[in-house]
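S.K.: The primary structure of each chain is shown beneath.
2 protein chains.
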Amino acid sequence: MPRIQLSALDAHWRAANYLAAGQIYLMDNPLLTEPLRPEHIKPRLLGHWGTSPGLNLVYTHLNRIIKERGQEALCVWGPGHGGPAVLAGSWLDGSYTQTYPDITRDAAGMGRLFQQFSFPGGVPSHVAPEVPGSIHEGGELGYSLAHAYGAAFDNPDLLVACVIGDGEAETGPLAGSWHSTKFLDPVHDGAVLPILHLNGYKIANPTVLSRIPEAELDALLKGYGHDPLYVTGSDPRRVHRDLAHALDQALDRIGRIKAEAPTAKGRPRWPVIVLRTPKGWTGPKTVDGDPVEDTWRSHQVPLAGVRDNPEHLRQLEDWLRSYRPQELFDAEGRPTGQVLAYTPEGPERLGATPHANGGLLTRSLPIRPLEDFAVPVEKPGTTLHEPTRVLGDLLAGVMADTAGRRDFRVVGPDETESNRLGALFAHTGKAWQARTLPTDQYLARDGRVMEILSEHLCQGWLEGYLLTGRHGLFSSYEAFVHIVDSMVNQHIKWLKTSRALPWRAPIPSLNYLLTSHVWRQDHNGFSHQDPGFVDHVLNKSPEVVRVYLPPDANTLLSVAEHALRSRDYVNVIVAGKQPCFDWLSLDEARLHCARGAGIWDWAGSDNGDRAPDVVLGCAGDVPTQEVLAATALLREHLPDLAVRVVNVVDIARLMPREEHPHGMPDHEYDALFTRDKPVIFAYHGYPWLIHRLAYRRAGHAHLHVRGYKESGTTTTPFDMVVRNDLDRYRLVMDVIDRVPGLAVRAAAVRQRMADARTRHHAWIREHGTDLPEVASWAWPH
Amino acid sequence: MPRIQLSALDAHWRAANYLAAGQIYLMDNPLLTEPLRPEHIKPRLLGHWGTSPGLNLVYTHLNRIIKERGQEALCVWGPGHGGPAVLAGSWLDGSYTQTYPDITRDAAGMGRLFQQFSFPGGVPSHVAPEVPGSIHEGGELGYSLAHAYGAAFDNPDLLVACVIGDGEAETGPLAGSWHSTKFLDPVHDGAVLPILHLNGYKIANPTVLSRIPEAELDALLKGYGHDPLYVTGSDPRRVHRDLAHALDQALDRIGRIKAEAPTAKGRPRWPVIVLRTPKGWTGPKTVDGDPVEDTWRSHQVPLAGVRDNPEHLRQLEDWLRSYRPQELFDAEGRPTGQVLAYTPEGPERLGATPHANGGLLTRSLPIRPLEDFAVPVEKPGTTLHEPTRVLGDLLAGVMADTAGRRDFRVVGPDETESNRLGALFAHTGKAWQARTLPTDQYLARDGRVMEILSEHLCQGWLEGYLLTGRHGLFSSYEAFVHIVDSMVNQHIKWLKTSRALPWRAPIPSLNYLLTSHVWRQDHNGFSHQDPGFVDHVLNKSPEVVRVYLPPDANTLLSVAEHALRSRDYVNVIVAGKQPCFDWLSLDEARLHCARGAGIWDWAGSDNGDRAPDVVLGCAGDVPTQEVLAATALLREHLPDLAVRVVNVVDIARLMPREEHPHGMPDHEYDALFTRDKPVIFAYHGYPWLIHRLAYRRAGHAHLHVRGYKESGTTTTPFDMVVRNDLDRYRLVMDVIDRVPGLAVRAAAVRQRMADARTRHHAWIREHGTDLPEVASWAWPH
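Chains A and B supply the protein sequences, listed in that same order. The first sequence begins at 109 in our numbering and counts up by one. The second sequence begins at 109 in our numbering and counts up by one.
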């Protein structure tokens, strides 16, 4: 190893600190070529200084190891609210100017860099998608380490450094992420180097990990499976020396682990660096008599009154000049050679790595023809299949065909087999680096199915994997996917922002398969019943969000193929794992899914040649079955009634076109649902969602929706729909109640339906099973 | 200590195992008085056997220490999907029969206990609210330890045992909960005894913590601040002996910690028990040639074909008889004296502790007269206050007045001060048991403000505290409260179910203060902007959920008082922390909040004596300000227009009465909003929520809603409303566009508004601040 030039490291660090502080405060006089005056100061002082010097330090030192070792690297900045730091690093390594040519690497560009920060119309204060080299928004805390692991999977040559703030370390998701060490394969995956940055404080409090004895912290990190390296100090020169050595040690160790991995037994102990430096280091020591450096008071803007308070202005000028900017930038404002001594070139730069703009690396997924997997459907409703099992074969094909490329993973909280996706295990194992026993099944060090009982980790790993350009699917219990509500919020925001950045290449979509859904919780009950994730995501940016409710196996295949091929979306697919009637052949399924919603002529009795008396709408597998059963009852009991069945796969089609790109124009909606006939709509989830989507339609006044209304418990499948008034008998009663003139004419039929519900209640109390006529029901031909 | 009767422990455990298996399988012949026949078997076999023997073991052994030591105890059953176990324990200790007299502690009652389990109309398969002694639903995993700590806070004599499954231990929230050791005060709080149950498997996989070396696990637990005790084995007699000793050691240690606490320096190392026993222990060893005991295959129902497969039936009979039921129950099916040798009496029983029916212990909160805190309002809109700061004084009063009783806590992720609730620190500190430094502020071992950067822990602690009968408030960033979406789902389900159980006493409500809201994220931006938590909770049971959007300081006081006095609700209060105009005096605020929605006569120009031309609705502080500013513009520019202003505090008032108990009848809605006039509604959150709530109203066709539509970034407050078309100028344009006849007459006014928006864009680009006319705006008098 060449001798480390500590003064070059320090010059880069001082330059970055200068640029970070400058972004927070200055709108003019960027190089301090004249004395600082109030009019050089921004009118609104916004941003987070406290974490910035630490982030700058890491940027500085990562530059060195990248350059010296030719190491391919990516950094996930957990404390990404320290946007000024990462922006400074990117400006210094030239990647910022490469991405945004008007922010030149000179005095004029520096001025614009300062001005734009947290300025309306400028750049956000956090490490957002706008920041080159970033895959991780610095807003909500908790997911940095999971993202880092996701980025490292199947990138064997990549080093993913991950700065974890001691605030973030208190979150549950981060605390759980440490156990990712049991899932990282040293042969096929890259290395993750966590850098736990203990600057001691959050917004207004000390942090837990900074205030426990070092022996306890050491035990904790060893308990997570790591070998810790410590760097502690506030003397820059010593910290530079110690951090450089620690990084060299860590990289040497990683190198050894990787070299020994092909023949090694057991799980390696990966290094972790604990970096203890003061919060707001090198900033004002005290302000108005209160200590600021090394306290929580440095979290945001340490000097708040700079425009009005001459003492604050003086302190700011002293602070900025303490970095000796004249030594760091030449007269044109360009960083000096010493500052850039360790800056890598080209795509090796942290701000320019293609892994952080993953779409650049994305290859289309090999998906075999759906014909290989589709179930034959001669007549609708005569055969039964478990839709997710059929999908499992499709996914197994993708897994097989990516065996060499390794760019597809399936994640889930221990439910792959239970969700009928077990076919995957013919072609890959479950990732597992811990101890195994002879009774274990499918565990494999190089497995590409990831199972851990943590939705947060599943989501975080997959996000990291997708953001670096690879493909995947998350299969989850429908109810518990709410655990990641807030994570998917952030991912959708990331995608929305990224789509507007021409330099960001589209990345594979985040695909959810929500199964074990609300209507089939026989083993569990009320706690496992919640179909509200669809409502949650439909609040988000319509350009990103897609929701599909395929009613059978072939429609699930068609929807899944579309989702796996798509880019920059969040696709939510809700599909059951229990045996379900096959309604559509593959060709019919493809057409139906392409349309997203359509009339099922074969099911209705309006025969297309006259207007229907009533429209029965449905979305979701269980509601579709109940609607078809209701249609059969109507045919039998009210043969004159013209009934139209409309099935909706792509739920956003119900929205107005101005509100969602998939929204159908009014004339199409009217053609499907009519403008004036009663529509009884059986929906998989909360019924008011359908009203929310369709309230602008002409026929909305005639729309009556049935769905889940929190009437849940441990019971049979049919009892669940009865409890929620979504059953066939209730739907027939709804038709009779709403079609003008039927109330009297069909009073006897209505009574018969009510009687059937009564019979159900009596039967289930006695037998604990569903009525035989329901259990054995099939579509009549 | 008396000598431990291992045979009595074993008898109780065998009895509990017998009862657990019986619940899963039997609908008749409960005591096996005749050979087992298919018709004795339930038609649907549902439930979780795998975890049950371990839970039974813990129940058995906790009984002993409770009885021998007279120890007040509560147990949180993390693997609560093992409902059969906890039901068995409760039936054995008599608390089940006390709660449900028809389930007698004899053969007939045992038969009914078996029959009802997971049977439609019976009891759920999980440890749900129906289970005596429980405060923790066993559905979604991750929150047991946080609940246990919440129960222990301010219960100095209580032992809270907490069984943590090794599946649950993989979740992020559980992983983060271990650090609760830094927040438990040995003087004022009870003890938490975690029992980490490593049975090795989840649904279909081994667990992480069961497959790491014991030295690593030991380091991990020590790193969390614990002193571990290990019990490992599959020989019942040895495990009984070792677990009894471990529990005695743990209780002795806890006793010493408590005794030394008043004078001790530093943080104690609390015991934790690691219990390694086989999954599905004592169940079938193999089924159809596959190993079952001690593998994941025992997770649910180990023998699935009992009704049809004679070999399975024989195996089941052997299994059940292996517990030797004739030794455990007398001829009438009553547990023998040996089985009950260690069973405690009365409220000491785990199934009968009042702490698990916390409402029994609840005392009304002392709340000082609001007059002590209200801001004087001579005229609306002349003074400014930070509403949450005013609320802070009220909360500080509650904190002061509960200093002796210690039954009120405020939790939040490091934002109490930032949310302007700092007045609390005059009367209590921030709970903190770790190291302190001279620069720290407000940290105190006995503090009742709880701050940790984990929404999961805040929520879990508070839930545990409320479920055991105490009071509290959770203040959170509005956007990040989505982190606990899934937790609040479960709590709402718990409350809904509990309300229907006459024996469960109402508990204090879960109160959220959502501040740092979407419209004021100056320091942060898009990642911090999400008002969707209201949408989320409004999907849930209307009998539980209440949502309030007080528009100013006095209305916030009134709403908060109501929430703090209420029971069995989840109250969501959305209120800003930034200076906000005072609109209503305290008396007016009380009246307005009691009504939940009302006409602000002083703001409108219809003067009550004629029908309005337009209604301007508003809900939320920022929308209210924009609506009032729009009203002022309309007065100035269109003085003839009759404008009515309706402010909504209680958002559920917009719903039909049949859908929410607060829903207003149609005639009242029509009286406020008219049936036929245009209504422009400015809402705090996603606009379609208002449509969802109001779609059944006669006037819905005329309702036009403005709100947040994901157009967020780091910018000024006024630019945020402009970007989302919620600003005063846009609202005036909306009025002109929608009131018949105005389009032409008011074209010049409309242009002036459009010009103002253009002026805004230009100004902010140049100055980075809001237009002076906006920044200095006040309500005209």
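Heads up, some of the hints might be wrong.
Which copy is meant is left open, so a pair is good if it fits within one copy or across any two.
[To be verified] Heads up, simulated DSS-like pairs for lysine-lysine below, C-alpha to C-alpha not over 30 Å straight-line:
id, residue 1, residue 2
1, K366, K487
2, K393, K290
3, K373, K487
4, K487, K817
5, K330, K290
6, K290, K373
7, K366, K290
Derived by calculation from the structure, the hints in this document are not laboratory data.
S.K.: Under the constraints set out in the numbered hints, which ones does this structure not fulfil?
M.R.: 1, 3 and 4
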